[in-house]
Amino acid sequence: MSATTTTKPGVLGRKGTGSLAWHLGALLILAVILYPVVWVIGASFKPGKDVVNSLTLFPSHPILSNFRGLADGIADVRIWTFFQNSLFYAGGAVVGVLVSCSLTAYAFARIRFAGRNLLFSLMIGTLLLPYHVLLIPQYVMFQKLGWINTYTPLLIGKYLATEAFFVFLMVQFMRNLPKELDEAARLDGCGHLRIYWSIVLPLSRPALITSAIFTFINAWNDFMGPLIYLNEPGKYTVSLGLMMFRDSDGVAADYGGMIAMSLVALLPVLLFFLAFQRHLIDGMATSGLKG
Amino acid sequence: MTLVKDPVPAARKARPAVRAATGRPGRRRENLAGYLFMSPWIAGFLLLTAGPMVASLYFAFTDYNLFNSPKWVGLDNFTQMFADPRWQKSVEVTAKYVIIGTPLKLLLALGVALLLAQSRRGQAFYRAAFYAPSLIGASVSVGFVWRSLFSDGAIVDRTQSFFGWHVGGWVGNADWVLYCLVALTVWQFGAPMVIFLAGLKQVPRELYEAAEVDGAGPVRKFWTITLPMISPVLFFNVLLETIHSFQIFGSAYVVSNTQCGPADATLVYTCYLYQQGFKNAQMGFASAMAWMLLLAVALVTAVLFWSQKKWVYYEEDAR
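If you're matching them up, the sequences are chains Z and S in order.
Its first residue numbered 1, the first sequence is counted upward by one per residue in full-length UniProt numbering.
Its first residue numbered 1, the second sequence is counted upward by one per residue in full-length UniProt numbering.
What the hints contain is simulated information worked out from the structure, not anything from laboratory work.
Possibly wrong hints are sitting among the right ones.
Said to hold, decoys possible - Examples of chain S residues lying across from chain Z (beta carbon under 8 Å, computed):
{"id": "1", "residue": "G26"}
{"id": "2", "residue": "V73"}
{"id": "3", "residue": "D76"}
{"id": "4", "residue": "F78"}
{"id": "5", "residue": "M81"}
{"id": "6", "residue": "A83"}
{"id": "7", "residue": "V91"}
{"id": "8", "residue": "V112"}
{"id": "9", "residue": "V142"}
{"id": "10", "residue": "V145"}
{"id": "11", "residue": "A191"}
{"id": "12", "residue": "F249"}
What the hints assert, rightly or not - Below, simulated EDC-like cross-link-like pairs (lysine to aspartate or glutamate); rule was C-alpha separation at most 16 Å, straight line:
{"id": "13", "chain 1": "S", "residue 1": "K89", "chain 2": "S", "residue 2": "D175"}
{"id": "14", "chain 1": "S", "residue 1": "K201", "chain 2": "Z", "residue 2": "D282"}
{"id": "15", "chain 1": "Z", "residue 1": "K49", "chain 2": "S", "residue 2": "D152"}
As the structure is a prediction and not an experimental result, all values here were calculated from the model.
Every residue, glycine too, gets a C-beta built ideally from N, C-alpha and C.
Okay, chain Z solo, but in the shape it has when bound (with noise of 0.2 Å):
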């Protein structure tokens, strides 16, 4: 990718649009864009009763309370709780993805089988499906099988790898990998599990990672999923602990502890963002392309 070629004939014109005009727009956007991030970062360090009314984005007087506040929990349930139980959610998420969609990807790309046409299509087919036509009878049936208040229900699916968006992210990365490396290797006597995992699983790390890191972001942000199956606040996921922050009038008790507590819970897919963003941009821009 040549990101750093300073002038080339593009669409809107060429030297005449001037990098001093291009700058602008672009920072200008920027700080619409990340206003929230900031805003955000600066309103932890208020008292609850200035987050929204004050204007400056950052205090003038930071306190730290709202933070201290955390560490007391809410509703006897600590804090580290419901960190814990997102990071089993995502953890989990992230193995049950990458064994399954793997497994299913291999076969599309690389396996000649009957019906794997009709299959590949159903596949996609999934990929379009609202979620909420399965969402009743799927807790009907968990809640037969006791399930509900169990993590089992959030992640059945993804060892059953019910995530078409990644089977069809490493069906395409998988199918440009050269076929005859998997032809040598069968000249060598190599049956289907060995070549998927010795040579096409070892080749398709950059489309594994993506989908590890998206798996892990989804799960993390996942609200549906958590708000439906668990109700008890020692199994709550971050997202369902944040909204025990609120009352039920919608004004918070704790409005600064409230606020400390969303920044906190964004840290790990920030983190992951600034550490990853390369294999998120590309592996989402690919999926458009291809096809």
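With chain Z held as given, fit chain S onto it using these hints.
The following block gives chain S in isolation, referenced to the frame of chain Z:
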């Protein structure tokens, strides 16, 4: 980009001589291997997708509260639904959200992608920064931030009041609160932008050079080169963003403080579905609602796929 397509390009289908020689037993082994590798997906598809779809279709014609067994009521759920003012409201709210939010988001995504595609220094940085909201936008944290920023007396309200247009914060105002959700989805323009940007990078530069020699200006180049060349990417973005925005739930639920209000002004379709299914234990009614959503999404998808023949340009030798 045809979405449904043989995953292995035709060129690769040429069979190696080794396997052709093994004949039928080899093919049977390939079938077995294929299905074994696929078995998690097949189990998931049957148990978590196909089965539940059939079940929810059945529930849609029953009266079911989760505790008694489902009772067949024919079309009652549907007639009740169509006559229900809150259902109508939820359709109206969702349609408004999709029709206003999706084009705004995609226009901004395309506009900023065109800006960034000019490849100046710092492009990678801006691309990353603009993408960030797409990752956190669905979180409860951002829902709270949004609720705060659009409250009475907060920055948006003060700025608006400064220009003499006082509405007392968008969150508490039934006429404005939906635009607060629209702003939240538009804020996440980075995801489609990244896809547009990748599409723009693939447009051959010779085309622009040739057009410039012929004296085409920026506007002309955009309409005659850029837009046709990125139309497959545009189609992909329109399809996915539209389908996604039909299903908005979390942000509406959090920004409206779980009430989907005020005055049902943010009662998006899934919010009402959630209330009927999980608050009122009306599983039959909620299933009927879910199937109507499926039909709506299928209709939009079908119209988009049908229309792509007219406006999506696929380069013959592109792949």
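Against the structure, the hints:
1. Because the closest C-beta pair between G26/S and chain Z is about 10 Å apart, greater than 8 Å, the hint is violated.
2. The closest approach between the C-beta of V73/S and any C-beta of chain Z is roughly 16 Å, which is over the 8 Å cut-off, so the hint fails.
3. Taking 8 Å as the C-beta contact cut-off toward chain Z, the hint placing D76/S at the interface is violated, the least distance being around 17 Å.
4. Taken as an interface hint, F78/S does not check out: its beta carbon lies about 15 Å from the nearest beta carbon of chain Z, beyond 8 Å.
5. Taking 8 Å as the C-beta contact cut-off toward chain Z, the hint placing M81/S at the interface is violated, the least distance being around 14 Å.
6. Interface restraint check: A83/S against chain Z, minimum CB-CB distance 21 Å, threshold 8 Å, status violated.
7. Against a cut-off of 8 Å between C-beta atoms, the interface hint on V91/S is violated, since the closest Cβ of chain Z lies about 14 Å away.
8. Because the beta carbon of V112/S sits about 6 Å from the nearest beta carbon in chain Z, less than 8 Å, this interface hint is met.
9. For V142/S, the shortest C-beta to C-beta distance to chain Z is roughly 7 Å, which falls under 8 Å, so the interface hint holds.
10. At a threshold of 8 Å, the smallest CB-CB gap from V145/S to chain Z is about 5 Å, leaving the interface hint in force.
11. The beta carbon of A191/S comes within 6 Å of a beta carbon in chain Z, closer than 8 Å, and the hint placing it at the interface holds.
12. This hint holds: F249/S has a C-beta 6 Å from the nearest C-beta of chain Z, less than the 8 Å allowed.
13. Between K89/S and D175/S the alpha-carbon distance is near 13 Å, which keeps this suggested pair within the 16 Å criterion.
14. At most 16 Å may separate the alpha-carbon atoms for a hinted pair to count; K201/S and D282/Z meet this at roughly 13 Å.
15. For the proposed pair K49/Z and D152/S, the alpha carbon gap of about 13 Å is at most 16 Å, so the pair holds.
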